[in-house]
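Chemist: These protein sequence lines map, in sequence, to chains A and B.
Take the first sequence: its letter number 122 is residue 206 in our numbering, and every next letter is one higher.
Take the second sequence: its letter number 81 is residue 82 in our numbering, and every next letter is one higher.
Be careful, since some hints might not be right.
Per label pair, the in silico range of CB-to-CB distance [unchecked claim]:
(1) B/GLU58 - A/SER110: 33 to 39 Å
(2) B/ARG82 - A/LEU151: 31 to 37 Å
(3) B/SER52 - A/SER194: 54 to 60 Å
(4) B/HIS86 - A/GLN97: 20 to 26 Å
(5) A/GLY114 - B/ARG82: 20 to 26 Å
(6) A/ALA142 - B/HIS17: 55 to 61 Å
(7) A/PRO193 - B/MET2: 24 to 30 Å
(8) B/ARG82 - A/LEU196: 49 to 55 Å
(9) A/VAL201 - B/VAL97: 46 to 52 Å
Within a straight-line C-alpha distance of at most 30 Å, the following computed DSSO-like cross-link-like pairs (lysine-lysine) qualify [as the list claims (entries may be wrong)]:
(10) B/LYS72 - A/LYS155
(11) A/LYS162 - B/LYS70
(12) B/LYS67 - A/LYS155
(13) B/LYS67 - A/LYS162
(14) B/LYS94 - A/LYS162
(15) A/LYS155 - B/LYS94
Note that these hints are calculated values from the structure, not bench results.
The beta-carbon is built from N, C-alpha and C at its ideal position, and this holds for glycine as well.
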Amino acid sequence: VPDPTTPVLEAQQRCWSYWFIDGLPSLVAGPSCLIMALFLLAAQLRPTRPLTITFAIAALLLYPLMLFRMKQVIEWLKVRITYPRTGYTAPPYFVDDRDTLVVFPVAVPSRLAVFLVGGGIVLVGSGAFRLFRYIRGNPIAKP
Amino acid sequence: MTPELRQLANLDRVIHEPARLMIMTILYAAEEADFLYLQRECNLTQGNLSSHLLRLEEAGYVWIEKTFKGKYPLTICRLTRNGRHAFESYVRKMRVVAAAVA
Numbered sequence: 085v086p087d088p089t090t091p092v093l094e095a096q097q098r099c100w101s102y103w104f105i106d107g108l109p110s111l112v113a114g115p116s117c118l119i120m121a122l123f124l125l126a127a128q129l130r131p132t133r134p135l136t137i138t139f140a141i142a143a144l145l146l147y148p149l150m151l152f153r154m155k156q157v158i159e160w161l162k163v164r165i166t167y168p169r170t171g172y173t174a175p176p177y178f179v180d181d182r183d184t185l186v187v188f189p190v191a192v193p194s195r196l197a198v199f200l201v202g203g204g205i206v207l208v209g210s211g212a213f214r215l216f217r218y219i220r221g222n223p224i225a226k227p
Numbered sequence: 002m003t004p005e006l007r008q009l010a011n012l013d014r015v016i017h018e019p020a021r022l023m024i025m026t027i028l029y030a031a032e033e034a035d036f037l038y039l040q041r042e043c044n045l046t047q048g049n050l051s052s053h054l055l056r057l058e059e060a061g062y063v064w065i066e067k068t069f070k071g072k073y074p075l076t077i078c079r080l081t082r083n084g085r086h087a088f089e090s091y092v093r094k095m096r097v098v099a100a101a102v103a
């Protein structure tokens, strides 16, 4: 196996960074997180409305789905925007099922961790927001 | 001349050509790439890249497939198992030669 300090590693890194170089992964991940945040914020502001609750539950269900389907969405965009202009290359772990099986034990826990951490941040954020509203609505009584 | 340096005569000349070595290096790292990506990375003209790919395909090192992603046609190139072994063997030999020269 070639030495990892050779141009092989550089070519591999260029190939991996090629997936992110057009900014599409960020453009897809950013708005999807923003939509999630808006849904959850709406649920905090108007918690009793059934429509908001429905939206919040739908958002919570859509979030993991989005995490797992993001690659397909990005690929769909890349096929139309990036590949015809600058060419196509697949990072090694995207090639076929053989590689997917190798990556699977790593990919699922890491995505689950992202989901849990993201969910935790949202929960802490919403808690902090409620606390802020409570403190603002209930100032300390002056003696 | 040392035996290590004599290995220079046994180097795979198909891979040893600089443009083909670039192509092989990229394909070894990337698993698969299309014609346009290789052209941009190697900074070769269409004709030049095409002839080098043909040479590598004839040697059985590269497998070329014309396919579509969505509506867009792609010429996807991959290293064959033979190509992968040949590249690894070439790198090993070159390392020995480089160590002998240095």
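Chemist: Taken at face value, is the distance from the CA of B/LYS94 to the CA of A/LYS155 at most 30 Å?
Modeler: violated (40 Å)
Chemist: Is the hinted pair B/LYS67 and A/LYS162 satisfied, with a Cα-Cα distance of at most 30 Å?
Modeler: Roughly 18 Å separates the two Cα atoms, so the pair holds.
Chemist: Please work out if B/LYS67 and A/LYS155 have their alpha carbons no farther apart than 30 Å.
Modeler: Answer holds: B/LYS67 to A/LYS155 is near 23 Å, not above 30 Å.
Chemist: Taking 46 to 52 Å as the hint, is the beta-carbon distance of A/VAL201 and B/VAL97 inside that range?
Modeler: holds (48 Å)
Chemist: With respect to the beta-carbon atoms only, verify the hint that A/PRO193 and B/MET2 lie 24 to 30 Å apart.
Modeler: violated (55 Å)
Chemist: Does A/LYS162 sit within 30 Å of B/LYS94, going by the straight-line distance between their CA atoms?
Modeler: violated (39 Å)
Chemist: Holds or violated: the 54 to 60 Å window for the beta-carbon distance between B/SER52 and A/SER194?
Modeler: violated (43 Å)
Chemist: Using the C-beta atoms of B/GLU58 and A/SER110, is the stated range 33 to 39 Å upheld?
Modeler: holds (37 Å)
Chemist: State, for the Cβ atoms of B/HIS86 and A/GLN97, whether the hinted interval 20 to 26 Å holds or is violated.
Modeler: At 23 Å between Cβs, range holds.
Chemist: Could you check the hint for me, namely that A/ALA142 and B/HIS17 are 55 to 61 Å apart, CB to CB?
Modeler: holds (60 Å)
Chemist: Decide if the proposed pair is consistent with the structure: B/LYS72 and A/LYS155, CA atoms, cutoff 30 Å inclusive.
Modeler: Within the cut-off at roughly 19 Å; holds.
Chemist: Is A/LYS162 within 30 Å of B/LYS70, Cα to Cα?
Modeler: holds (10 Å)
Against the hints set out earlier in the document, violations occur for numbers 3, 5, 7, 8, 14 and 15.
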